[in-house]
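A.B. asks: Each chain is listed here by its residues.
Number of protein chains: 4
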Amino acid sequence: MIRAVVWGENVHEKRSQVVADLYPEGMHTCIAKALQDGGIQATTATLQDPEHGLPQARLDDTDVLIWWGHAAHGDVDNAVVERVADAVYGGMGLILLHSAHFSKIFKKLMGTPCNLTWREAGERERLWVTSRHHPIVRGLPDHFELEQEEMYGEPFGVPEPLETVFVSWFQGGEVFRSGLTYRRGAGNIFYFRPGHETYPTYYDGNVQKVLVNAVHWAANPEQRIVDVHAAPNIDVAQALEPITARGPKLHAEGEDGFR
Amino acid sequence: MIRAVVWGENVHEKRSQVVADLYPEGMHTCIAKALQDGGIQATTATLQDPEHGLPQARLDDTDVLIWWGHAAHGDVDNAVVERVADAVYGGMGLILLHSAHFSKIFKKLMGTPCNLTWREAGERERLWVTSRHHPIVRGLPDHFELEQEEMYGEPFGVPEPLETVFVSWFQGGEVFRSGLTYRRGAGNIFYFRPGHETYPTYYDGNVQKVLVNAVHWAANPEQRIVDVHAAPNIDVAQALEPITARGPKLHAEGEDGFR
Amino acid sequence: MIRAVVWGENVHEKRSQVVADLYPEGMHTCIAKALQDGGIQATTATLQDPEHGLPQARLDDTDVLIWWGHAAHGDVDNAVVERVADAVYGGMGLILLHSAHFSKIFKKLMGTPCNLTWREAGERERLWVTSRHHPIVRGLPDHFELEQEEMYGEPFGVPEPLETVFVSWFQGGEVFRSGLTYRRGAGNIFYFRPGHETYPTYYDGNVQKVLVNAVHWAANPEQRIVDVHAAPNIDVAQALEPITARGPKLHAEGEDGFR
Amino acid sequence: MIRAVVWGENVHEKRSQVVADLYPEGMHTCIAKALQDGGIQATTATLQDPEHGLPQARLDDTDVLIWWGHAAHGDVDNAVVERVADAVYGGMGLILLHSAHFSKIFKKLMGTPCNLTWREAGERERLWVTSRHHPIVRGLPDHFELEQEEMYGEPFGVPEPLETVFVSWFQGGEVFRSGLTYRRGAGNIFYFRPGHETYPTYYDGNVQKVLVNAVHWAANPEQRIVDVHAAPNIDVAQALEPITARGPKLHAEGEDGFR
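Residue numbers (the working numbering), protein chains in the order written: chain A, 79 to 337; chain B, 79 to 337; chain C, 79 to 337; chain D, 79 to 337.
Here chain A stands alone, though its shape is the one from the complex (with noise of 0.2 Å):
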């Protein structure tokens, strides 16, 4: 059973009574719910929790983590970022959610600034497919709707993606690439746009399939790799082909590189 972390900032939780009144018990628990009836192994951990509810023992045994976050970007401790940064390069999967292209955690795994345009109107935005029959996309129809969401404009700050999975249509006129695949190390990434704070988007049953799919897709089931950034130096002795070592060096016979 894969085993999945929700990962919310739960922060608009406590402070907006709209979102409270829509996600009472966090945001994070309603994606975890939808996990679990899609057969999946789901908790959650948020800000809030020593280390934010992920030390490292707990990533060890998470397949995907999910991750949503908004208000409170800065107050990730980097130690924690870049222990999840590893667990990716490793093979866990990660997915990110609506604000979250501006956490911390995606700006490192991108490596560019991830911005975009923004209005919070409420406006309806319409997902197109635009990789027929791809996992992440399983069981769904061609395109589908939400009454209402905060619009994301392109151009999205973000690399050229494996594979663009859907693409956003908004009523005031934009469009955004909302469903996006990267792969770092041996780390699997959706990027999925949905889920603006006052409006019930993680209650939709179009999107909680695609959350589910995306765990699915997401996970590795290989042993997670340890050492992330080791950089090894073979010796020459060790060579597949035998060579003879020739030429100045600056290095010892086994010594390691400089970082």
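Check the hints yourself; a few may be wrong.
Copies of the same chain look alike in the list, so a pair counts if it works inside one copy or between any two.
[Claimed, not checked] In the DMTMM-like style, the derived pairs of lysine to aspartate or glutamate whose C-alpha atoms are separated by at most 25 Å in a straight line are:
| hint | residue 1 | residue 2 |
| --- | --- | --- |
| 1 | Lys92 | Glu333 |
| 2 | Lys186 | Asp127 |
| 3 | Lys327 | Glu223 |
| 4 | Lys186 | Asp155 |
| 5 | Lys327 | Asp282 |
Just so you know, these hints were derived from the structure itself, not from any lab. All of these numbers come straight from a predicted model, not from anything done at the bench.
With chain A held as given, fit chains B, C and D onto it using these hints.
C.D. replies: Below, chains B, C and D without anything else, positioned relative to chain A:
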């Protein structure tokens, strides 16, 4: 005329007699001369210069930055790394050479460990073109050799590139994707493997051709994007299609978003 | 000076009064004039010309071919399609416009059905730039509008592109990846969506800018590769590293391979 | 249980004593047995069977087709090639082995010449993993060797892949991108280089692991897309957002488009 800056760490040129003998004016100067011979306006900067020779004003006037570093990646100031990254997002080209795979700027832009295996044995490297007639291989044969080079071996811890331009064969039995293109924001990025400081690689005619070609390929004549992190809030009143704001809101009209 | 040939099917210009009134000299002539104004040496060719105006000698002297077709894809001679494909593999640029998505040459180069949904209702299209400062969007704003266009909708049956340059918003609720780059052999390929023959699309200043930019982007100044299908048998005696032939063989030394 | 069909040309097994001795039941049977041992329901089909063993009904019941051909690419019926291509677009996985690089079906799906250099000298090949923990390399070390193989060398005339999974080192000095993934329509495609018929490659444990992994990776459990070439005209009355038809038209409402 394209304006290039060749950044050299300039450490082993001072510390190692072998390197000093090979590159008495520094590797950066050797590379800059090759670019000049190729019709490019090339100057140099080094780690030891104030602000590592890369103040904002200079980056503003640089079309393509070439980066060679090895022993002192950790000594590069983080503020300069951020500045270079922002210039890349805004449209400056960036070419990373050899051991710059572990530079802060490359790791930041890739979002991955950028690790590899290596062996310093002066073995033969043969670079094969895998993207015929790519602008970066202009005037080159389908393969060329470097009689003595350091080996770098796969797996190379980088994201899937936009294009694989070269793959290297090594005498000791390894292979490496030696020429890779990426785009980050408006900036073109090229990683090129050869160039260990104890060998005369940057005097090689084919290597020099690659560098000249890569500078031409990476240069973006468009005016630099200024605020590369901007994420503008688009007012409902300015929406391209007439819409009426609906539903609950977190943000006041025109407010900045969270970061 | 870049040499472009604008190929026009030139059928609806003869059969439809609407199209004839809009493009009295043919759509191809309108496009060629825009390219000429952009500093490109542009001539035209049509379906009705001998060999569709594309004999081998002309392709040999063409840097970039622009292709518009719609009603008569099936009338294009297969030999000409093969000839154009070989020119692309050898380094000729190819730009496919609008209904050329169903042309023989595009389907051949993509290896996919290239299908989509469509509606001819003169609705508003808005093209959004998704790759800022890409050479193809030089001088363009982040979006531009065409007040009346035919709708093309996702899913678009093409392979993942090298780069997604434009995404279109349509008034009726659809989206489309409107500007896509590919490389096939040494040839740069750009598909650009707008251009239904009953609307004045090719008189639009932004569209003309895209076409001029795309021709510059697609042109490959290297000498054309001659035998694009060559699969040479490398003699053991010519091997770059000394080897001795071992084991059983099917082929005599120097023999051609099977096809 | 995944249903695979292993298609073998089955020509050299009849004509060459060497091949017949190595693969007395045919290469396809050897491969099918390896898949069966890996928990896959695998059957075989050959060129000599009626409709090459690939009637429509069988393709409808096939999750993944494995293709090996060499001497008789030209004898494969074009109608069968189209049928296989349509099955791929609809979601059938396809794995192409070794000399299948020149098969009609691979060239059709790639849209390129698929040429390479080659040498039949029984030299050593070493495959390096370039995408760690990719599903296709599950359980494999970072590299493995085949003591005798035919050499295939770069440049390989294929489009940039979705992912490069293996790169090969050859004793005679060449390299080759030996494992490449693509997607065409809903179909996952994997090209895998090794497998010259005069060597015992398909008895190799690592090669068998790759094949089993690749079948699992390529299988798409979604129901096959039926009309893979459909390009539906969306009525104005059915538009998702209310619009009014404007401007001149070529097509009557509900009419089929041109092809």
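A.B. asks: Each hint should be assessed against the structure and marked as holding or not.
C.D. replies: Each hint tested on the structure:
In this assembly of identical chains, Lys92 and Glu333 lie within 25 Å of each other by CA distance solely across copies; the values are 21 Å between and 53 Å within a copy. With identical chains, the CA atoms of Lys186 and Asp127 are at most 25 Å apart within one copy only, with a shortest distance of 22 Å there and 28 Å across copies. For the homomeric pair Lys327 and Glu223, the shortest alpha-carbon distance between copies (20 Å) is at most 25 Å, but the shortest distance inside one copy (63 Å) is not. For a Cα distance limit of 25 Å, the shortest separation of Lys186 from Asp155 qualifies both inside one copy, at 13 Å, and across copies, at 18 Å.
For the identical chains of this complex, Lys327 and Asp282 are inter-copy neighbours only, at 19 Å across copies versus 62 Å inside a copy, given an alpha-carbon limit of 25 Å.
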